[in-house]
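Peer 1: These protein sequences, in sequence, are chains A and B. For what it's worth, the working numbering labels the leading residue of the first sequence as 1, then goes sequentially. For what it's worth, the working numbering labels the leading residue of the second sequence as 1, then goes sequentially.
Simulated from the structure, these hints should not be mistaken for laboratory data. Computed from a predicted structure; not experimentally measured. By construction, the Cβ of each residue, glycine as well, lies at the ideal position given by its N, Cα and C atoms. Just so you know, not all the hints are guaranteed correct.
If you want the footprint, here are the derived chain B segments under chain A, 3+ residues with CB under 8 Å [to be verified]:
| id | segment |
| --- | --- |
| 1 | 44-54 |
| 2 | 189-195 |
| 3 | 204-210 |
| 4 | 215-224 |
One side of the interface only, derived from the structure: several residues of chain A facing chain B at Cβ under 7 Å [what the hints assert, rightly or not]:
| id | residue |
| --- | --- |
| 5 | 97 |
| 6 | 98 |
| 7 | 104 |
| 8 | 154 |
| 9 | 181 |
| 10 | 187 |
| 11 | 198 |
| 12 | 216 |
| 13 | 218 |
| 14 | 220 |
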Amino acid sequence: MSSGSLPLAAGELPDSFFQERTSDTLPCQATNESFFCFDWARENLDIYGTPTVQHLKLVLLAVLVGFAVAFSLALFAHRRRWLQPPLLAATGVLYTIPSIAFFFLLLPLTGRGVDTAVIALAAFNLQIIYRNTIVGLANVPASVTDAARGMGQTSRQTLWRVEIPLALPEIIAGLRIATVSTVAIASLATLAGGGGLGRPIFQYGIDFKTNILLAGGIMVAIAIVFDMLLLVAQRAMTPWLRAARA
Amino acid sequence: MIASLPQLPLASIQGAVEFIFEPQPSNVTGGALVGGLDQTVELALTQLEVTALALLLSLVVALPLGLYFGHRGTGELLAVGLGNAGRAIPELALIAFMAAWIGVGVGNLTIALAVLGVPPILTNTFVGIRQVERAPVEAARGMGMTELAVLLRVELPLAVPTIMSGVRLAAIAIIGTATIAPLAGVLTLGDYIINRNVYGDDGVLAGAIVVALMALALEFVLALVQRRLTSKGLKLSPA
Numbered sequence: 001m002s003s004g005s006l007p008l009a010a011g012e013l014p015d016s017f018f019q020e021r022t023s024d025t026l027p028c029q030a031t032n033e034s035f036f037c038f039d040w041a042r043e044n045l046d047i048y049g050t051p052t053v054q055h056l057k058l059v060l061l062a063v064l065v066g067f068a069v070a071f072s073l074a075l076f077a078h079r080r081r082w083l084q085p086p087l088l089a090a091t092g093v094l095y096t097i098p099s100i101a102f103f104f105l106l107l108p109l110t111g112r113g114v115d116t117a118v119i120a121l122a123a124f125n126l127q128i129i130y131r132n133t134i135v136g137l138a139n140v141p142a143s144v145t146d147a148a149r150g151m152g153q154t155s156r157q158t159l160w161r162v163e164i165p166l167a168l169p170e171i172i173a174g175l176r177i178a179t180v181s182t183v184a185i186a187s188l189a190t191l192a193g194g195g196g197l198g199r200p201i202f203q204y205g206i207d208f209k210t211n212i213l214l215a216g217g218i219m220v221a222i223a224i225v226f227d228m229l230l231l232v233a234q235r236a237m238t239p240w241l242r243a244a245r246a
Numbered sequence: 001m002i003a004s005l006p007q008l009p010l011a012s013i014q015g016a017v018e019f020i021f022e023p024q025p026s027n028v029t030g031g032a033l034v035g036g037l038d039q040t041v042e043l044a045l046t047q048l049e050v051t052a053l054a055l056l057l058s059l060v061v062a063l064p065l066g067l068y069f070g071h072r073g074t075g076e077l078l079a080v081g082l083g084n085a086g087r088a089i090p091e092l093a094l095i096a097f098m099a100a101w102i103g104v105g106v107g108n109l110t111i112a113l114a115v116l117g118v119p120p121i122l123t124n125t126f127v128g129i130r131q132v133e134r135a136p137v138e139a140a141r142g143m144g145m146t147e148l149a150v151l152l153r154v155e156l157p158l159a160v161p162t163i164m165s166g167v168r169l170a171a172i173a174i175i176g177t178a179t180i181a182p183l184a185g186v187l188t189l190g191d192y193i194i195n196r197n198v199y200g201d202d203g204v205l206a207g208a209i210v211v212a213l214m215a216l217a218l219e220f221v222l223a224l225v226q227r228r229l230t231s232k233g234l235k236l237s238p239a
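Bound conformation, chain A alone (with noise of 0.2 Å):
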């Protein structure tokens, strides 16, 4: 890796695309008077492009890495109990490291990168998801699994078709937490060379409001949107739960 004086990764970006647009537009950032600057705005939105997605793609990567691990995890502890207290203490490591420290530990192993920035992100988010499959499973009424083995279902039926549909809501509950969380601390990824919104941040510092208010504002806005698409996503995927209110 060529070791710039940024702490941005090199080549992520091309380095006249911010640079160019911060001479056009010194003025309103040199004021730095003004809360918001609305024409700034107008005109240079689609600088946001490319780490909107970059955010997009660090959010999905690290939220599906995250539920594959901690799903099957779950899935494997829930009939061996004497696993569960060691796994949420070892999630529970993960989780409280902060992000920004696991991209540096990670460094030595994996280098500056996406890759590097999704695995941190995905280790943060093991125990939310975890946890939540856990309780989920665990909160499935005996007489509910007990009927189940009554009409025949083996061990694996009654997980897939009984246990697994009833916990629905509390593991996207947690998968929707994880998600939320995500977006927000993927603001941080571009220091570990992952890009996103972050990098429009640490690339024109704290002396311009509006920059941070879009670039924050997008991230909000993602986080919002996942939030939702998950919410409708559970409605869907548990239509008993609707039949059983009206």
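Use these hints to put chain B onto chain A, whose structure you have.
Peer 2: Positioned in the frame of chain A, the structure of chain B alone reads:
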């Protein structure tokens, strides 16, 4: 990426550990010595200081509100909604914007970090108080306790585990985000991480190692505090 064959992790870790304890010559500052135990301890203490201040401020704001709303059973939308919204705040944008808006320095940084700490403490306090069973609460009222006594001597002790898990969530968020405090003009261990050109890869890894250890230590201490407070609360609740 191909050009950068990953170093042997062992060598990197050794370099980072040396950086923590012994000052090393910097690449850019003309070989001036950077890092070492004195600087590491100073940065770590600053990070712990702003973390403690911000956590304290979050508690002062969120705990009374959570207790009040939880006891009254009102304001669920505010208490729970704020907790959900709080998760969506991008740390980097928050610190950068607060620094631009209210200024840099320890006081302003404390306020910015407390913004992250308030939602989980408020939500968990509210939920913890609401989850207390009604029977002991009614019993306490029947014994002639004032509303304040019901809240502080019955509901609060029973809600301690839930409240403390909110405090731990807040502490983790705050100490992690305090790493990027150099953006707001306060030098914490994030200085090692963000200014890679000064401290080099050893410094970056050293910063990450110390931040991770500090966060784990804080979580461990708060878990002990929770245990201490809970047992005391359980002793109090039959009173």
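Peer 1: So which of those numbered hints doesn't the model satisfy?
Peer 2: 1, 8 and 13
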